[in-house]
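2 protein chains.
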Amino acid sequence: MAAVEFIKDLCTPALIIDLDQMKRNAEGMLERFHTLGVQLRPHMKTHKTLECADIMTGGSRRCIVVSTLAEAAFYADNGYDDILYAYPLPFDKVERCAELSERLSLFQVMVDNHLALQELKKRPLKQGQVWKVWMKLDCDNGRAGVPHCDPAALQLALEIWDTSGVELMGIYAHCGNTYACQGEQQIKAVAQDTTKIVLQFMEKLEAAGIKGVKSSIGSTPSCSQPVPDMALLSEVHPGNYIFYDVQQSLIGSCSLEDVAVRVLTRVIGHYPHRNQLLVDCGWTALSHDGGGRLPTGYAIIEGHPELKLLSMTQEHGRVEPISGKLDFKQFPLGSLLTLMPYHACATAMMHPVYFVHSKGKIIDTWKPTRGW
Amino acid sequence: MAAVEFIKDLCTPALIIDLDQMKRNAEGMLERFHTLGVQLRPHMKTHKTLECADIMTGGSRRCIVVSTLAEAAFYADNGYDDILYAYPLPFDKVERCAELSERLSLFQVMVDNHLALQELKKRPLKQGQVWKVWMKLDCDNGRAGVPHCDPAALQLALEIWDTSGVELMGIYAHCGNTYACQGEQQIKAVAQDTTKIVLQFMEKLEAAGIKGVKSSIGSTPSCSQPVPDMALLSEVHPGNYIFYDVQQSLIGSCSLEDVAVRVLTRVIGHYPHRNQLLVDCGWTALSHDGGGRLPTGYAIIEGHPELKLLSMTQEHGRVEPISGKLDFKQFPLGSLLTLMPYHACATAMMHPVYFVHSKGKIIDTWKPTRGW
Chain A
1 MAAVEFIKDL CTPALIIDLD QMKRNAEGML ERFHTLGVQL RPHMKTHKTL ECADIMTGGS
61 RRCIVVSTLA EAAFYADNGY DDILYAYPLP FDKVERCAEL SERLSLFQVM VDNHLALQEL
121 KKRPLKQGQV WKVWMKLDCD NGRAGVPHCD PAALQLALEI WDTSGVELMG IYAHCGNTYA
181 CQGEQQIKAV AQDTTKIVLQ FMEKLEAAGI KGVKSSIGST PSCSQPVPDM ALLSEVHPGN
241 YIFYDVQQSL IGSCSLEDVA VRVLTRVIGH YPHRNQLLVD CGWTALSHDG GGRLPTGYAI
301 IEGHPELKLL SMTQEHGRVE PISGKLDFKQ FPLGSLLTLM PYHACATAMM HPVYFVHSKG
361 KIIDTWKPTR GW
Chain B
1 MAAVEFIKDL CTPALIIDLD QMKRNAEGML ERFHTLGVQL RPHMKTHKTL ECADIMTGGS
61 RRCIVVSTLA EAAFYADNGY DDILYAYPLP FDKVERCAEL SERLSLFQVM VDNHLALQEL
121 KKRPLKQGQV WKVWMKLDCD NGRAGVPHCD PAALQLALEI WDTSGVELMG IYAHCGNTYA
181 CQGEQQIKAV AQDTTKIVLQ FMEKLEAAGI KGVKSSIGST PSCSQPVPDM ALLSEVHPGN
241 YIFYDVQQSL IGSCSLEDVA VRVLTRVIGH YPHRNQLLVD CGWTALSHDG GGRLPTGYAI
301 IEGHPELKLL SMTQEHGRVE PISGKLDFKQ FPLGSLLTLM PYHACATAMM HPVYFVHSKG
361 KIIDTWKPTR GW
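Keeping their order, the protein sequence lines are chains A and B. No gaps in the numbering here: position 340 of the first sequence is 340 in this note's numbering, and each next residue is one more. No gaps in the numbering here: position 77 of the second sequence is 77 in this note's numbering, and each next residue is one more.
The hints are simulated quantities; they were obtained by calculation from the structure and are not laboratory data. Some hints could be false.
Note that identical chains are pooled: a pair holds if it fits in a single copy or bridges any two copies.
[Unchecked claim] With a straight-line Cα cutoff of 30 Å, these simulated BS3-like cross-link-like pairs (lysine-lysine) come out: (1) K367 <-> K122; (2) K132 <-> K211; (3) K23 <-> K214; (4) K329 <-> K121; (5) K329 <-> K8; (6) K8 <-> K132.
Full structure from sequences and hints, please.
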């Protein structure tokens, strides 16, 4: 395909990113935590590109968090360092983690159980290097982590601290429970709870003689609406904010104007007998995330609050008015519609290439890494 | 990563394909329609690989259907011909379609409206070649196609027939409404209806002087449970049958034993306080398709009908018993679970590589094409 100059000329479906908005989102987050005196460790999972990572790290290529080892290797291969693989240590990947630890100055893994620590001990690093380990604490999020109220949490931290060949780097909590929030107040309440729990745990560590250990919490809602106590943490690790999405706007992390990502689609069918348009965006281009529960279905159709993306199959999307009769003349065959995705991470995952624009002019194409 | 010899040694999550079962599925479909005297035009959308296409075409590399132009180009670049791009002609891709038409001996497009035909006329093919066009008929499926009961259907067929530079190749119907069926009887009823409607339309064409035009219907359920009248069609175009999946077994297209695809995952967390396991399969490895509505959640966990894949985030899956207390000793950290996906097309789409095995021994890795 020849190089395309403008959004309107792209073959659809296409994931388009507004570079200016994306930079504003990145700078906003960098500034917010610079002001609070807290290190920002941005998460790469939403986009998985080098270019976006450069923007999120302010060009430093240091201090990132990833959710797959494929991402870790991709960034390591491209000059990144100080990478935290924030995932309950998978036993099948210990050797690959060891190789990254031996190669980078600061590759960090995460554990939330005693057996994972045993796996690290079984594979000592070469040339006197030590495993750099974060412990995951579950602060009422209920995914991974040792429950904060379980005595096993302090025990595990002490065990990591006391193990030779292993260094306890920090305590890590994901406040994914902010995703159930609505509005700034609820987000701040969860952010406050998580911060308080982590800081109390840090005090327990100090009391047990563990010092110089970092504390980190994260999630896009909590880091978009931080509470003052978060200034007492060492780090935060949000990710989705680089793009934002409809879900984040509903939670209260951002406004719809902050959303930097869209799926561009074209009208490919007129079916007046069922009052529907067909568009060339199926779940391969948007994902099923959100389950179609928005009043506008699976996405917001920009500039058309009267329309609903009712359903999708692999490569087709059905669009109809929320009520009343569709004026088909308004949507000629071949005309463009712009979808604001419910969940940017899920939508970006469906695309092998992202089209980056500034004011409608395509200025770059970015290729994400994939796999595990 | 070093080459892996056995399934059990793969890094997870991983999409694994049972080559022997896949070949049985392909041979079953080839034989079924060879016996009926109907041409099989297998759909590539489920897998999008060269290797699978070779098996589905019995090695001929001819007579396939694709749902994206990226697939069409991928197969054309690799020696395939007689490719039907069975998608309502997208106006932004006419030039790319023209190039494929000029390059292959039999590249075929699909239209369901008058304006699409005008787009083809605006771009005559070089050296006296003609556009090879199928017309899509909607036989009560309600996605794309001219409704069969609309007089516009015959009008459009006549217009294609009468247009110079364009050849009417056939009438194409997708009986996607079989996806709402339960059991052989319901599937056969839809297959019979669709066949009847298409054959009646063929009679109308004949009466209007249009002869030598093909008829094709398709969907995995209808082609897995065909009715005798389908012998009167020219072609069929199922796709999902190469892998099958839980959805197809629920519809009645196959039994669970026929499903050739799995997602391999490992236990990465034990959380007795909430009676849950964590596994390393999130929606990036399985997709959200099916919405978790199975009694076992988002997938069937092979050999463990007592377990439910309750929820997924990007890289994590929560597993709990359908009832009662989990025996964690049965599922040590690092141990493998095997997920049978709800929808093979959606799950395959999430993987940049498929691991192909025979009786647990990895014999190949296949890479699908992506994008549009």
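Each hint, compared with the structure:
1. K367 <-> K122: neither (37 Å within a copy, 34 Å between copies)
2. K132 <-> K211: within (15 Å within a copy, 74 Å between copies)
3. K23 <-> K214: within (28 Å within a copy, 54 Å between copies)
4. K329 <-> K121: between (68 Å within a copy, 22 Å between copies)
5. K329 <-> K8: within (19 Å within a copy, 57 Å between copies)
6. K8 <-> K132: This pair counts as between: shortest inter-copy Cα distance 28 Å, intra-copy 48 Å.
Hint 1 alone, counting from the list given before, is not met by this structure.
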